[in-house]
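Asks: Add chain B to chain A, keeping to what the hints say.
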Amino acid sequence: MVNVIWVMMAVIGIVFAAANGTMDEVNKAVFESAKEAVTISIGMISILVFWLGLMAIAERAGLLDRAARLFMPLVRRLFPEIPPGHPALGYIVSNMVANMFGLGNAATPMGIKAMEQLKKLNGGRDEASRSMVTFLAINTSSITLIPATVISIRMTYGSAAPGEIIGTTIVASTISTIGAVLIDRYYYWKRTRKGRKR
Amino acid sequence: MAIVHILSVWLIPALIVFILLYGTVKKVPTYEAFVEGGKEGIEIAFSLIPYLVGMLVSVAIFRASGALDAMMEVIEPIADAIGLPAEVVPLAALRTLSGTAALGMTTDLIATYGPDSFIGRLASTIQGSTETTLYVLTVYFGAVGVKKMGDALKVGILADILSFIVSVFIVLFVFGR
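Residue numbers (our numbering), protein chains in the order written: chain A, -3 to 194; chain B, 1324 to 1500.
For the record, the hints were derived by calculation from the structure and aren't laboratory data. Since we're looking at a predicted model, the values are computed, not measured. Hints are supplied without guarantee of correctness; some may be wrong.
Said to hold, decoys possible - Keeping only pairs whose Cα atoms sit at most 27 Å apart, straight-line, the calculated BS3-like set for lysine-lysine is: (1) B/Lys1350 / B/Lys1362; (2) A/Lys186 / B/Lys1471; (3) A/Lys109 / B/Lys1350.
So that you can see chain A by itself, here it is in the shape it has in the complex:
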């Protein structure tokens, strides 16, 4: 899907330029934007190094584990089908906490481990269980605390207050996560209702 959109933007753009005589602008744009992309990536190093360095301290101090324990009661309520003390719960919580702190690289392996456990709970079937759908709903709208990459891009373009969007991001992502859980519950309710009719 991304492949199609990516190719289409370039091809439509060039065909459009041929028809409208804007090929000079297109030529300029190709080289300027490629250069810009590299500048931005390099500019991101500052924030990413600082933030991931700080998070490494937090991890070694056991802060992420503590945060995970804090969220455990909530997660147990979100996943009523998982028996208490099951390893899936631990992976789910670690994945959520890592996502929250913008540690995408740490979050993905935890998420995959969680899915493996959930599949075992589902008898190894190749269809999504209720818990899997809930887990992915929370994951796709995960609560963000510090959007580090966005802040670094805003810095690169000379924002007067690069961090001013932290508050709006937290509010927006929290509300959408709650929404995602409610949407998930609604579809679960619909599924069980259908099941009963049969």
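Replies: Relative to chain A, chain B alone:
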């Protein structure tokens, strides 16, 4: 909405102090741990280069040719009718498909309209506040070999639309237009 402002200003300094002191109390070799973790940041920034170059060049061709303006003329009346800013509609669509692609689009919007403009702030919030549904579904279901996704895709996309609408409202509410 003063509290959202205060949160934005105080969260990072508060986290820095808290993590540094907590690490010290727990006898973590703070500086060494910091340096070790920071190295990962360099890797991530460099690995982002091909994604950003690819996406930014494609978006730039589309914009410079005038095709984007032509598309905007079609989207604008529809977006206006429901009260959404047309400029971020392509970003919202791309956000569901690919995080790095959306990052390219966000960068383009911030560069074009300025980071402190309404569009710049809105793009920043949209980029930060949702994960890439298609990526998450592909990676997580793919890794464990689950083929029947059930309602997962529907739930994910509905949540993305909700997140987009909430972002528009909260940015309007906190910063105004």
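Asks: Determine for every hint whether it applies to the structure shown.
Replies: Hints versus structure:
| no. | hint | result |
| --- | --- | --- |
| 1 | B/Lys1350 / B/Lys1362 | holds, 21 Å |
| 2 | A/Lys186 / B/Lys1471 | holds, 18 Å |
| 3 | A/Lys109 / B/Lys1350 | violated, 30 Å |
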